[in-house]
Amino acid sequence: MSLKSKKSQNRKQFSTPLSVEHLLKVQAIYNVIRKSRQGLFIEMPSATHWFRMRYMRNHAIRTLGSIHWDQSDGMLITMSLNRVLFDDATDPILLFGVIHHEMCHMLLGPEAKHGSVFQDLESGWFDYWYYQGMKDEYYKSVKAVEGNCIPVVNE
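Just so you know, the sequence shown maps onto residues 390 to 544 in this note's numbering.
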């Protein structure tokens, strides 16, 4: 695959910006988290203009959020969030937790992945265990739905 086609593939993947309502919600949560963990995130700008925010692709159900670093574009960061996080039926802690998780990635950089430094940073959040419980419930419900699906066989 050529560099040009890789770039266009990345742009396609992140081509669905958040609605204004969801963007404002994420910005507010970002600042609540930033201030609540002052010793860590306070160096991050209070405005979120330094990174992009997008919805994940519609068919993504197992991934709640991700961070993408586009080094070809001056290390531009894109945070992608699953639309399910904005559903009224979804516990708001999931959105807070996913944003916190992605902020940890942003702080540590692309090399940190989910290593011990990352895990220590993430688990230091006061709502971490509540978030983990709600995330586990979400994944159980996804598995239950997948288990009830009947595969369609084309004849």
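Don't take each hint at face value.
As the list claims (entries may be wrong) - Taking CB as the label site, the calculated pair distances span:
#1 427 with 518: 14 to 24 Å
#2 504 with 409: 14 to 24 Å
#3 535 with 438: 21 to 31 Å
#4 460 with 432: 27 to 37 Å
#5 525 with 434: 11 to 21 Å
#6 535 with 428: 17 to 27 Å
#7 428 with 534: 33 to 43 Å
#8 448 with 428: 37 to 47 Å
#9 464 with 536: 19 to 29 Å
Unchecked claim - Listed next, the in silico SDA-like pairs over lysine to any residue satisfying Cα-Cα at most 20 Å (straight line):
#10 532 with 516
#11 414 with 428
#12 502 with 534
#13 529 with 514
#14 529 with 436
#15 414 with 497
#16 532 with 437
#17 524 with 455
#18 529 with 466
#19 524 with 454
#20 414 with 459
#21 532 with 515
#22 424 with 444
#23 524 with 466
Simulated from the structure, these hints should not be mistaken for laboratory data.
Every residue gets a Cβ at the ideal spot worked out from N, C-alpha and C, and that includes glycine.
How the hints compare with the structure:
no.	hint	result
1	427 with 518: 14 to 24 Å	holds, 21 Å
2	504 with 409: 14 to 24 Å	violated, 36 Å
3	535 with 438: 21 to 31 Å	violated, 38 Å
4	460 with 432: 27 to 37 Å	violated, 21 Å
5	525 with 434: 11 to 21 Å	violated, 33 Å
6	535 with 428: 17 to 27 Å	violated, 41 Å
7	428 with 534: 33 to 43 Å	holds, 40 Å
8	448 with 428: 37 to 47 Å	holds, 39 Å
9	464 with 536: 19 to 29 Å	violated, 41 Å
10	532 with 516	violated, 24 Å
11	414 with 428	violated, 23 Å
12	502 with 534	violated, 29 Å
13	529 with 514	violated, 23 Å
14	529 with 436	violated, 35 Å
15	414 with 497	violated, 24 Å
16	532 with 437	violated, 34 Å
17	524 with 455	holds, 15 Å
18	529 with 466	violated, 30 Å
19	524 with 454	holds, 12 Å
20	414 with 459	violated, 24 Å
21	532 with 515	violated, 28 Å
22	424 with 444	violated, 25 Å
23	524 with 466	violated, 24 Å
Comparing the model with each numbered hint stated earlier shows that hints 2, 3, 4, 5, 6, 9, 10, 11, 12, 13, 14, 15, 16, 18, 20, 21, 22 and 23 do not hold.
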